[in-house]
Amino acid sequence: MSRLNAPPPVTVEAPAPTVPPRGRRRRLRRHLTPYLYLAPTLALMVLLMVVPIIMVVGYSVMDNVITNQNPQPVGLENYVEVVTDPVFHTAVRNTIYFTVVSVAAHLVLGLAFALMLNSGLVSGRIRAVFRMIYVLPWLFTVAIIAVLWRLLLNPNGVINYLLDVAGFIDSKVEWLANPDTALHAITFINIWAGYPFFMVSLLAGLQGIPKNLYEAARVDGAGAAHQFWHVTIPQLKPIIISMVLLDFIWTTQQFALIWMTTGGGPINVTEMLSTFTYKLAFSRYEFSLASASAVVVLALSMILAFFYVRHQKARD
Amino acid sequence: MNQSNTRGSVGRDVTGGSVGRDVTAGSVGRDVITRRGLKRAGVILGLMFGAAFAGFPVVWMALSSVKSNTEIFEFPPRIITENFSFDAYATILTDPVKLRFFFNSYVVGLSVTVLTLILAVFAAYAFSRYDFPLKRLLNVVVISVQALPPITLLIPYFGLMVTLGLYNTYPGLIFTYMVFTLPYAIIMMTGYFNTLPRELDEAVKVDGAGPFSALWRILVPLSVPGLVSVGLYTFMIAWNEFLFALTLTRTQDMRTVPIGIQLLMGQHSYEWNEMLAMSVLGCIPILALFLFFQRYFIGGMTAGAVKI
Numbered sequence: 001m002s003r004l005n006a007p008p009p010v011t012v013e014a015p016a017p018t019v020p021p022r023g024r025r026r027r028l029r030r031h032l033t034p035y036l037y038l039a040p041t042l043a044l045m046v047l048l049m050v051v052p053i054i055m056v057v058g059y060s061v062m063d064n065v066i067t068n069q070n071p072q073p074v075g076l077e078n079y080v081e082v083v084t085d086p087v088f089h090t091a092v093r094n095t096i097y098f099t100v101v102s103v104a105a106h107l108v109l110g111l112a113f114a115l116m117l118n119s120g121l122v123s124g125r126i127r128a129v130f131r132m133i134y135v136l137p138w139l140f141t142v143a144i145i146a147v148l149w150r151l152l153l154n155p156n157g158v159i160n161y162l163l164d165v166a167g168f169i170d171s172k173v174e175w176l177a178n179p180d181t182a183l184h185a186i187t188f189i190n191i192w193a194g195y196p197f198f199m200v201s202l203l204a205g206l207q208g209i210p211k212n213l214y215e216a217a218r219v220d221g222a223g224a225a226h227q228f229w230h231v232t233i234p235q236l237k238p239i240i241i242s243m244v245l246l247d248f249i250w251t252t253q254q255f256a257l258i259w260m261t262t263g264g265g266p267i268n269v270t271e272m273l274s275t276f277t278y279k280l281a282f283s284r285y286e287f288s289l290a291s292a293s294a295v296v297v298l299a300l301s302m303i304l305a306f307f308y309v310r311h312q313k314a315r316d
Numbered sequence: 001m002n003q004s005n006t007r008g009s010v011g012r013d014v015t016g017g018s019v020g021r022d023v024t025a026g027s028v029g030r031d032v033i034t035r036r037g038l039k040r041a042g043v044i045l046g047l048m049f050g051a052a053f054a055g056f057p058v059v060w061m062a063l064s065s066v067k068s069n070t071e072i073f074e075f076p077p078r079i080i081t082e083n084f085s086f087d088a089y090a091t092i093l094t095d096p097v098k099l100r101f102f103f104n105s106y107v108v109g110l111s112v113t114v115l116t117l118i119l120a121v122f123a124a125y126a127f128s129r130y131d132f133p134l135k136r137l138l139n140v141v142v143i144s145v146q147a148l149p150p151i152t153l154l155i156p157y158f159g160l161m162v163t164l165g166l167y168n169t170y171p172g173l174i175f176t177y178m179v180f181t182l183p184y185a186i187i188m189m190t191g192y193f194n195t196l197p198r199e200l201d202e203a204v205k206v207d208g209a210g211p212f213s214a215l216w217r218i219l220v221p222l223s224v225p226g227l228v229s230v231g232l233y234t235f236m237i238a239w240n241e242f243l244f245a246l247t248l249t250r251t252q253d254m255r256t257v258p259i260g261i262q263l264l265m266g267q268h269s270y271e272w273n274e275m276l277a278m279s280v281l282g283c284i285p286i287l288a289l290f291l292f293f294q295r296y297f298i299g300g301m302t303a304g305a306v307k308i
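Chains as they are written, first to last, in my numbering: chain F, 1 to 316; chain W, 1 to 308.
These aren't lab readings, by the way, just hints derived from the structure by calculation. Any given hint could turn out to be false.
Taking lysine-lysine and the DSSO-like style, the derived pairs with C-alpha atoms no more than 30 Å apart in a straight line are [to be verified]:
{"hint": "1", "chain 1": "W", "residue 1": "K205", "chain 2": "W", "residue 2": "K135"}
{"hint": "2", "chain 1": "F", "residue 1": "K211", "chain 2": "F", "residue 2": "K237"}
{"hint": "3", "chain 1": "F", "residue 1": "K237", "chain 2": "W", "residue 2": "K39"}
{"hint": "4", "chain 1": "W", "residue 1": "K205", "chain 2": "F", "residue 2": "K237"}
Every value quoted in this text rests on a predicted model; they were computed, and no experiment measured them.
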C-alpha cells in the first residue's frame, strides 16, 4: 500500500505525463477503494487473529506468562515437555479415535438419511416433517446436548431402562463415568450432534444431480447399486470431500461437548487435545505449556486447512 | 423424484412417475408396483428409525422438564407424568439472574449478527467487484480462518482482552465471535454478489453515483435472501458459543445461556428439572427461527460446502 501513496515514477507508466492530475488521483482512488471496503474486516482480523497467533507463539517459548511478571525465554523446552507428557499421548490417541469414528459415522448417517429423504417414495409433506426432525440435533447448543445426554445416559436413565428391558444389560451402566464406555459414549453423542450438517448438504447435492445421468445409466441396464456407486457417489464427491475435511478440522477441535459431559475423565480416558490444553491453562495456570500445546494443535489444523483450501480452490 | 411425490398414494405415484411406462408394458406392471411398495415400506421404516434416533432425546428432554425432580429418574420411567407442572419453567422465568443470561445472549447474538453483516457486505463487495494485488492472498486467509482452533486463540485472548479492557464485557464477546462468523459470512456474500451481474452497478454509476451507492442501492436490496441466511447462521453461532463465553466473562451478570446451563449443572446437580427447563427455553429462539426461515437456514448451512 505504501507504494500507492508515493507519487508514481513517470518512467514506469509511459502515458503518465499526458494523464491530467485528476485522472491520476482517480486511478489512485480506484486502487485504494477495495482496501477501504476491507479495512474494518482487516483491522479486526489483524487485532484478533494475527496478533493473538504471534502472542501464543511468543508465550510458548517463555518460562511462564500471564501469572509471571518477568518471563524469560526458554527455547523449545515447553514443546519438549508437552510432547513427552504421557497424558498428551493419550489425548492424541483419543482425539484420533473420536474424530475418525465421528466423521465416518456423520458421513454414513448423513448420506443414508439424505438418500431416504430424496428417494421420492414419500410425499413432500411427510418428507418435510422428517427433514425437520432430522435437523433437530444441529439446532441445539452444546450445553443443551450435554444436559440431554447426561439425562439419557444417567445410570437411572431411560437408555439403561430400555437396554435392560431388551435384555442387553443386566446392571445399570454408568456410561459417562465408566472408563470402558466413556470414550465411546461421548463419540456417540458427537455423532448424534453432528450428522445433520452432512445430511443437509448432501441432500442439496443430491437434488443438484441431473436426472438424465440416472436415465442414461438405466438405459445401460444399471441397477440401483450400480447407479449409486457410478452416478450418485461420483457426483457428490466434491461435496463429500469438503464436508469430511471441514468436519475433521472441527471435530479435532471439539471442546465444549467433552468439557460438559466427562471433562476429560474418568482418569483421562476422554482427554482430548482441546481439554488437555484448556486444563493446562485454566486449571494448572501453566500458560506457557498450554501455549505450546495450542501451537501444536494450530499446526495440525493448518495442515488439514491446507488440503481444505486446495480442494476448495480446485472446485472453483 | 419430484414429479411423482406431491401426493402420498402409491397408485398416483405409479401413474405419474417414470415407473408408469413399465405399467403399460403389461404383465411386469403389477410386479413393479409391489416392488415399489416394498421399497417404499422399507424407506418409511428407515425414516421412522432415523426419526427415533434424532427426535427421541429431544422429546424425552421436553417430557422430563415437566416432571418433578424425583420422577425424572424413576425406574421404570414414566412417559407422561401425573404431576405435570411448569414449576421448573416458572422458577427459571422469575429468577432475575437467569433472565439476565437470556438478555445477555440476545444482546451478544444480535450485535454479532448486525456487525457481521455490515462488515461482510463491505468485504464481499471488494472481493466481488474489484481486482487488487492482495486479493488471492486474502481469499486464502479468509477460507483458512475457518480452520483456526478456538483453543489456540483462547489463551492469548485472555491476556489481550484484559489489556484492552474488554474482559467481562459485551464488546469483548462480540468482537471475539466476529472473528469466527466473518469468514463464513464473507465467503457467502461474495458468492451471492458474484451471481448479480456487474452491469447493474455500472448502471447506477452512469447516473453519477459512486460505488458505495451501487452497493447500497442495488446489491444489498437484491441480496436480502443471502443476508437472511448469513444472519441466521451467524446468530446461531453466537447464541450457541460456549468456550469463549466461559473464559472471557467472569461475573454472573455477563454470562450467556450456555454458561448459565453449565452453572446450573455445577451448583445444584440435583435440580434436573430446572436444568431441563432452562435447556428447553434456551433452544426455543433457534427452533422458532428455524421454523419460520427453514429455507434460508438450510441455504446458509449448505452453501459453504456445496459451493463456495
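Here is what the structure says about each hint:
{"no.": "1", "hint": "K205(W) with K135(W)", "verdict": "holds (23 Å)"}
{"no.": "2", "hint": "K211(F) with K237(F)", "verdict": "holds (17 Å)"}
{"no.": "3", "hint": "K237(F) with K39(W)", "verdict": "holds (26 Å)"}
{"no.": "4", "hint": "K205(W) with K237(F)", "verdict": "violated (42 Å)"}
Comparing the model with each earlier hint shows a violation of hint 4 alone; every other hint is respected.
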